[in-house]
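J.: What follows is each chain in one-letter form.
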Amino acid sequence: MGDLDFGVVWTNLGFLGNGLALSALLVVVSSVGGMILGGGLAALRLSRHRVLRLPAGAYVTVIRSVPLILVLFWFYFMLPLWTGHTIGALPSALVAYVMFEAAFYCEIIRAGIRAVPPGQTAAAAATGLSRWQVMRLVVLPQALVAMGPLLVNQVVILFQDTALVYVVALRDFLTAASVIASRDDRPVELYGFVAVVYFVICLAGSQLAGRRRREVIQ
Amino acid sequence: MTEPAMVVLDRVSKSYGRTPVLQDCSTEVARGQVMVVCGPSGSGKSTMIKCVNGLEPYQSGSITVDGVTLGPKTDLPKLRARIGMVFQHFDLYPHMNVLQNICLAQIHVLKRSRAEAEARALDLLRRVGLPDKASSRPATLSGGQQQRVAIARALAMDPAVMLFDEPTSALDPEMVSEVLDVMQDLAQDGMTMMVVTHEMGFARRVAHRVLFLDQGRVLEDADKDAFFAEPKAERARQFLSKVLQH
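First to last, the protein sequences are chains A and B.
Following this note's numbering, the numbering of the first sequence begins with 1 at its first residue and continues without gaps.
Following this note's numbering, the numbering of the second sequence begins with 219 at its first residue and continues without gaps.
For the record, the hints were derived by calculation from the structure and aren't laboratory data.
Note that the structure is predicted; figures quoted are calculated from it, not measured.
Just to be clear, a hint being listed does not mean it is correct.
Claimed, not checked - Quick look at which bits of chain B chain A covers, simulated, 3 or more residues with Cβ under 8 Å:
| id | stretch |
| --- | --- |
| 1 | 235 to 248 |
| 2 | 426 to 437 |
Unchecked claim - Each pair of labels, with its calculated beta carbon distance range:
| id | chain 1 | residue 1 | chain 2 | residue 2 | range |
| --- | --- | --- | --- | --- | --- |
| 3 | B | Asp407 | A | Ala58 | 29 to 37 Å |
| 4 | A | Ala58 | B | Ala333 | 48 to 56 Å |
| 5 | A | Ser47 | B | Lys450 | 32 to 40 Å |
| 6 | A | Leu144 | B | Arg455 | 51 to 59 Å |
| 7 | A | Val32 | B | Ala357 | 51 to 59 Å |
| 8 | A | Gln160 | B | Gly347 | 21 to 29 Å |
For glycine and all other residues, C-beta sits at the position ideal for the given N, C-alpha and C.
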């Protein structure tokens, strides 16, 4: 066993930081885009009209049944074929993550809305509020309380899943670390450091979700 | 010339698939009148009252409230704003305090200013005997208090008619009277009311008319005194003898 030397982390901090920045970019764009698209999908899935409900349901079911890595490949290789332009790894990865996450956010949002008792809708409608007002003023505020921790949890899972972008030759945090680990032959130090950073960020995320839940209940 | 009735049901029928829930139900509630709707469980009472403000669709017949006939083109939110409704399980909004519960539709439907809506809400809270509960959350109130807030929430819209769907069935026995007292005051002030309830004491004291339903049919539609003296339908006699024994 050679001696541990964490100096290698310090000297390559800039390189690792660039990797972490890419991971952060993926998380922010994919979670925000995924929630917006997922909210739209949830609205379609809850619609009274079959023509809106069925395609949205099919989309969610298909996406949730394939591995994320396949979706990444798909958009990397297929988008250029469809559009006739080369788009580059990063835009194709962002599109893939947004499309993938949307299916999961859709189901979280839909479940949150359905968890609000139907009596709430009836009581609000009986006072003359329109369908949209009932949703915005009575149902959604209650649904958000139920789904808040699940949404944060999904962001934490997404952060872990960003490590998969190495398959389209992007260098996220983990990939950056593995490059240096093999170049400098320091796998223990680098993978150890990476594990600690992932742990701290994810723990902070789930603590935040837990604290918000307690605040809301009070 | 007599004023037209506030609520008119004309041969209303409804079924879930092949199961009939309401069959050819007709009745009228005059302005200022209190009608108690009673009958055994599953007789269609709650369904009938929910048809009146369009919360339940029905297949045939017609319903007219304050001159507006319900149909596919009816502006339901506009009509519902004029019909107050109180539910069995109160259904106050748990994420708002009592004052906000009473103000919500005043502000968003009637477009009253916040100050105007709050003044009206506080006024109504005094009327239902809860002047100090404006900033409480519904979850901290007893069932009887929640139901009185729900009545205030409905009254805040200055409705032409009030519908009550078993307003006391989910309450502990000692809280029933505080809700019935509020309803009785309301009746004495001349509010038109349709009340689905098993409280026959309330019906005797407050109702003008009694509608008796069984298996989706109107078996009795009579003045209160005639109904309690001697109901014409055998089924209604049985029902009365059972509920009045206690």
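J.: Evaluate each hint against the coordinates.
T.: Here is how each hint holds up against the structure:
no. : hint                            : result
1   : 235 to 248                      : violated (count 0)
2   : 426 to 437                      : violated (count 0)
3   : B:Asp407 / A:Ala58: 29 to 37 Å  : violated, 56 Å
4   : A:Ala58 / B:Ala333: 48 to 56 Å  : holds, 50 Å
5   : A:Ser47 / B:Lys450: 32 to 40 Å  : violated, 49 Å
6   : A:Leu144 / B:Arg455: 51 to 59 Å : holds, 53 Å
7   : A:Val32 / B:Ala357: 51 to 59 Å  : violated, 33 Å
8   : A:Gln160 / B:Gly347: 21 to 29 Å : violated, 56 Å
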